[in-house]
Each structure stands twice: as structure tokens, then as C-alpha cells.
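S.K.: The primary structure of each chain is shown beneath.
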Amino acid sequence: MDISTEQIDNTTVVRMSGNLDTNTSGPAHQKIDALIEEGNTHLLVNLRQVPFVSSAGLRILLATAKRLNGTEGSLKITDLNETVNEVFEISGFNTILNVFSTEEDALKDG
Amino acid sequence: MNQAPSRSLLPRETFALGSIPLVESDSVLEARRKVHSLASVVAGDSLLSTRLATVVSEVGKTLQRLNNQARIEVGLCARGNLPRLLLSFVGELDARSLGYLQNFFGHLDEDASSSGLYHRVNVELTSTGVDNATLGRLRQIVEQKTRDQLLEEIQTKNSELEESLETLKRTRSAKDRMESELNIGRDIQMSMLPLSFPAFPEQGEFDVHATLYPAQEVGGDFYDMFMIDLDHFCFCVGDVSGKGVPAALFMAVTKTLIKSRAANDLSPASILSHVNSETAVGNDSAMFVTLWLAILNLQTGELVYSNAGHNPPYLMRAGGDMERLDKRHGPVIGAMEGIAYGEDSATLAPADLLYLYTDGVTEAMDIEGSLYGEDRLRDRLADADYPAAQDAVQDTVDDVWRFQGDASQADDITIMSVRYHGPVTQEGDTELILTMHNDITAISAVNDDFNGWAEKHGIPTNVQRPMNICLDELLNNIVSYGFCDEAVDEQHEIELHFRLPDSELVVTIVDDGKPFNPFGNEPPDTCLSVEDRPIGGLGVHLVKNFMDKVHYERHGENNVVTLHKHLDGENEA
Numbered sequence: 001m002d003i004s005t006e007q008i009d010n011t012t013v014v015r016m017s018g019n020l021d022t023n024t025s026g027p028a029h030q031k032i033d034a035l036i037e038e039g040n041t042h043l044l045v046n047l048r049q050v051p052f053v054s055s056a057g058l059r060i061l062l063a064t065a066k067r068l069n070g071t072e073g074s075l076k077i078t079d080l081n082e083t084v085n086e087v088f089e090i091s092g093f094n095t096i097l098n099v100f101s102t103e104e105d106a107l108k109d110g
Numbered sequence: 001m002n003q004a005p006s007r008s009l010l011p012r013e014t015f016a017l018g019s020i021p022l023v024e025s026d027s028v029l030e031a032r033r034k035v036h037s038l039a040s041v042v043a044g045d046s047l048l049s050t051r052l053a054t055v056v057s058e059v060g061k062t063l064q065r066l067n068n069q070a071r072i073e074v075g076l077c078a079r080g081n082l083p084r085l086l087l088s089f090v091g092e093l094d095a096r097s098l099g100y101l102q103n104f105f106g107h108l109d110e111d112a113s114s115s116g117l118y119h120r121v122n123v124e125l126t127s128t129g130v131d132n133a134t135l136g137r138l139r140q141i142v143e144q145k146t147r148d149q150l151l152e153e154i155q156t157k158n159s160e161l162e163e164s165l166e167t168l169k170r171t172r173s174a175k176d177r178m179e180s181e182l183n184i185g186r187d188i189q190m191s192m193l194p195l196s197f198p199a200f201p202e203q204g205e206f207d208v209h210a211t212l213y214p215a216q217e218v219g220g221d222f223y224d225m226f227m228i229d230l231d232h233f234c235f236c237v238g239d240v241s242g243k244g245v246p247a248a249l250f251m252a253v254t255k256t257l258i259k260s261r262a263a264n265d266l267s268p269a270s271i272l273s274h275v276n277s278e279t280a281v282g283n284d285s286a287m288f289v290t291l292w293l294a295i296l297n298l299q300t301g302e303l304v305y306s307n308a309g310h311n312p313p314y315l316m317r318a319g320g321d322m323e324r325l326d327k328r329h330g331p332v333i334g335a336m337e338g339i340a341y342g343e344d345s346a347t348l349a350p351a352d353l354l355y356l357y358t359d360g361v362t363e364a365m366d367i368e369g370s371l372y373g374e375d376r377l378r379d380r381l382a383d384a385d386y387p388a389a390q391d392a393v394q395d396t397v398d399d400v401w402r403f404q405g406d407a408s409q410a411d412d413i414t415i416m417s418v419r420y421h422g423p424v425t426q427e428g429d430t431e432l433i434l435t436m437h438n439d440i441t442a443i444s445a446v447n448d449d450f451n452g453w454a455e456k457h458g459i460p461t462n463v464q465r466p467m468n469i470c471l472d473e474l475l476n477n478i479v480s481y482g483f484c485d486e487a488v489d490e491q492h493e494i495e496l497h498f499r500l501p502d503s504e505l506v507v508t509i510v511d512d513g514k515p516f517n518p519f520g521n522e523p524p525d526t527c528l529s530v531e532d533r534p535i536g537g538l539g540v541h542l543v544k545n546f547m548d549k550v551h552y553e554r555h556g557e558n559n560v561v562t563l564h565k566h567l568d569g570e571n572e573a
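Protein chains in written order, with the numbering used here: chain A, 1 to 110; chain B, 1 to 573.
One or more of the hints may lead you astray.
Heads up, incomplete: computed chain B residues facing chain A, CB under 7 Å, no partners named [to be verified]: (1) I443; (2) S444; (3) D448; (4) N468; (5) G539; (6) N545; (7) D548.
Because the hints were derived from the structure by calculation, they are not lab data.
Keep in mind that this is a model prediction, so the values were computed, not measured.
For every residue, glycine included, the Cβ atom is placed at its ideal position computed from N, Cα and C.
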């Protein structure tokens, strides 16, 4: 799991690469938490390079969303592939997280 | 009281019309009416008829009072060209009555023979003659039944009818009870059988087919077939003594014991010995079961079997030779405790076919009562070359039906056939077997290996990725929660088996952790704190939704999870 970041205006774009699963979710969670500690409270997680997300990955996304909501921050998720989109639908996460089809769409929004 | 003679007392040349009884006052009135009618028909003279009727009434009263079987016999006789009506008063008459008759008729024939007196009174007929229709009418008059007679008859008929209805009801309810018990027994029996074929479509190593036709009344046949693990197929055919619910329950117990024992025991001899010990204890009703059980090693073709008093099966070799697996290894199951059964083995080559049956086949009878017989079955099999197990079953069943014709089926008819195809792995690299240790970090390697194999076989990503998620979820579950009761550093192996039968991806995951069905209820609190436990069931929820079919089974010391996903990637669930 590789994670790169880019600051666009007040949004921190987090681009993940690799599966978000049992083994990678822990390190990914730490990386995101570190970003929040540094004061980055508006996160955009781009999943374009993530082949699949398992329930372990969903858990860290949920935990992050909860944490940011409590600090006036925000979490946006973009670029879900077919499988990941299905995971979001099956789990109902598409209704509780802010999901956008592309980074551009997400940046335009609010 | 005198006993009137019961034989007819009419003169020989007389054509008898019947007899009018004089047994009570009502019958005297009846006799009067009948004689009046007869005389009217024969003589056509109403005055004569009335007078004659009066005489009959007076004399009849005396006859009825004095005699036990008093009667008036009626007949026709001829004198010259004219027929005459003949009335014979049968029974003893007192002097007054005799005088009365004598005054009326002028002449009386008397006969004091037999046990009493009888008197004959002849009445001259007019010239009209008697045709057949008149004759019929006369007879009808004589035989007419009185209202009381009719009533009595109806009452008798009624009570007879009621009685037989009662009897019918009683026998019906007893019969119904018996039938319904037999029906329940049959329902239990049939509900225990694996009935859907092909039974193991994902097992390319063999195909199996079985059929059971229950007889109307007798019969306790059963069969079973199941995979013990990925390489061992267990199958058996048996026949329980007795019928109805007790036999069905005995069958259920036997079947359950076999399956549970076979889960961690690959020896038919040992399985039968165990099942026998369990069923023989406290078997008060002395029920027993004949059983032929075998375990086929799908990789090597080795067939190990044990026979407890059952018909030996036939082994039809691919080359056309046929042999009989006629070794016997002990008595019927359940009869006596503590028997150690033996076992033998044979090696099946690809395209060899096994044919198992119960005695209902060879003892099927035709309408004349002759048996289908062992010879006929053997000849039929010897001449045949069945491309599939189902063909062997169907062909012989058809032949038995043809033989039986309209005769009724005497016993259950059960046939099972197993055709060995040889190990699948030899046919091509369509299988992937992976082993991992109970280490979370090993999950990624499993997914990588699977993806490499999947790409080689052109499995689309919309099948691959959902499978990646399912493996991540299930393996995480097993590694995290499956072994926590034991020493932390104890190593366990988890085996994964990937196959591609019939445009379907089938994955089997076997672990030796605690018994746990991931698709059942939530795991009981195992060894983690509440904070560390996963959000309830989300992972399994994903698995169930992504896969077309999921299945869990506990096999001996192993949890076995099987996942099915169709290769078109569409979700059926």
C-alpha cells in the first residue's frame, strides 16, 4: 500500500495504491491519522489505484469520517472501481460517506 | 301345537304358484286379501271371490291358532281343457272348520299322512284360460309381501347395513392408521436420501447416481453418499429390517452414525464396527440393517469396502470384464455387539463402474411369481457398456419394470452406481492448491497466488476482486479467531483449493480451528476485547453478497467452507 498526498487549496488529496484489506488497513489508518494530527482536516481519498476494499478498509474509512466530522473537518472518497463501488453498496457505506466519481467532482463540491 | 309338513302337499300334476303363510292374525287377513285377488283373476267372478275370501278368513284363523307352520299352498292344475286354481289348506283343522269348508265346497280331499291333516279345496276356473302374463300376476299375488314383512325386512337390512358400516369404519381406521404410519415411515425414509443428481458436479473424478423406489408396504432401503474430504468419497447402500416408523428411525440413526464416524475415520471396517456397537446396544426390537459401505480415494482410485450382510456389488471394468466384490466382512449391523468387521480393497481404473443394489431388484416378481433373479441382472450388466453411472441405474430399473409388468412391487428397489473417471489434476492445470499458516500477513500472498492463477485461466477481474475480498475476510476470521484457545505461537495450516468446474469458480477453505460456521450466527466472544472485535458481521455480509453460493461444514476436526462464484461475474445472490 503506497500513499501519496497533494494539497489542493484547503483539501488534502490522499492517493492510495494497492488493496485496502486486512494487512494494509492498519498502516493506512496510521498514515491518515498522522495527516489529521498535522492539521489536515479536509481529506479527499482517491481510490483509483485500489483494486479492492475489504471490511477492514471500510472500518478505517468509517473511523476517519467520524473523527473528521467531530472536528468540523470532512472526508470525501472518489474514483471507486466496479468492485469497490459494489462493496460500498452492499455495506451501505455509499449512503454514510461522501462518495464522488472523480477528484474534480469532489473538489468542485462545497 | 302341531307341526305342519314343510314339503309341498299339492298333487303331482299341479303347477305350484307359491305358499301363503298363516302364522299370525295379520297373515290371515293377508291371506284373505290374496285369495280374493287370485280368485278374481282366475274366475273373474267377484261374488265367488268374496265368498271364497270369507271362507279363507274363517278357516285361516283356526289353522293359524292350532298349527305352527300353517299355510295355504296355491297351485294350478288342469282338468280337461280348463285350468283350475288349487288351494291347499295345510295344517290340522278342527271339526267346525272342516264342516265350514265342506258346506262351501261340497267335497274335500283329506290326507292324514305325515304329521298332520291337510285339506285341499278346488275352485273351478272360468273359460278364459291362463296365459303367461296371468300366471305371473297370480304368482305375484301369492308372493306379495305384507307391509309388516316389508318393514321388518327393511329394518333387518338397515341394521345389517349399519353393522357392516361400523365394521367398515373400524377396519378402515385401523387400516388408515397402519397406512398413515407406513406413510410417515416412508416420508422419513425418502427425506433422508440425497435425491438431486448430479450430486457432486464439482468433483470431476467420478459421477454417481442412485434411485430408490419404495414398495407400498414392506421395505427399509436407504443409501447415502458424501465427500469426507476433497479426496475421499464415501457411499453406502443398506436395507433395514422391518417397516414403518421404527424402521425409518433405525435407518436415520444408522445413517447419522455412519456420517459422523466417517468424518474422521477413513476405514470402512472401523466405521461399520463402530456403527454396529452403537446400534446393537439396547436394540430391544432386534432391528438390523444390511450394509455395504465403501470409501473411494479419488486421487488413486483405491476403493476400500466392508460388507455387513448385503448383496455384493458388481464391478464393471472399463475393458468389459466384470467381477463381483463378494467378500463378506461380518453379520448384519445391529444384531450383536462387539463385532470387529473386516475390509477389502480394489483399485478402480478410469471408466470402471460400480453397481450396488438391494434384494428388491433380484427379488422383483413378474405376474406369475417368478423372480427377476441374480442371473438376469448379471447377464444384463455383462452385456452393457454404460457411459455414465446414471445409464447403469436407468437401464436396469427399466429392465426390472419390464419384467415385473403388471405385478405389484414387493420390496423397495434401490440401485446406486459410481463411475470413476480418474484424478482431475492429470487432465490439466485447472486446479490450484495453496497452503498458508495462521499468520495474518500470509493472506496477501494467497491473494497474489490466486490472482496469478486466475489470470492464467482468464478469470475476469469482476470475479477475481470479489474473491480477493472474500478470501481477505474469511482468512482474517480464521487466523484471528479460529485458534485463540491454543498456544499463541502454535502453527496451523489452512488449505485452499481452487477449481473451475462448469464455468464456475469453486473455492474450498479447510482449517483445523475451533468449530465455527462463519455463515451462521455471530462468533461467540472468543478471546478479544469488545474494542478489538470486528464490526458485527460486515465481512461475512460482503462474502454472502459477492458469492453465488456459500457453504459451511464441519468435517471431523476441520471447518470446511466452500464458495461458488459464476465466471460471468454476475451476482445471483
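S.K.: Min Cβ distance, B:N545 to chain A: is it shorter than 7 Å?
M.R.: holds, 4 Å
S.K.: Should the interface hint for B:N468 be scored as holding, given a Cβ-Cβ cut-off of 7 Å against chain A?
M.R.: holds, 5 Å
S.K.: Using 7 Å as the Cβ threshold, decide whether B:D548 counts as touching chain A.
M.R.: Interface hint status for B:D548: violated (14 Å vs cutoff 7 Å).
S.K.: Quick check on the hint: B:I443 CB to chain A CB, less than 7 Å?
M.R.: The hint holds - B:I443 has a Cβ within 7 Å of chain A, the shortest such distance being about 6 Å.
S.K.: Would you check whether B:D448 satisfies its interface hint, that is, whether its CB is within less than 7 Å of any CB in chain A?
M.R.: violated, 10 Å
S.K.: If you take the shortest Cβ to Cβ gap from B:S444 to chain A, is it below 7 Å?
M.R.: holds, 5 Å
S.K.: With a cut-off of 7 Å, does the beta carbon of B:G539 approach a beta carbon of chain A closely enough for the hint to hold?
M.R.: holds, 4 Å
Of the numbered hints given earlier, the model fails hints 3, 7; all others are met.
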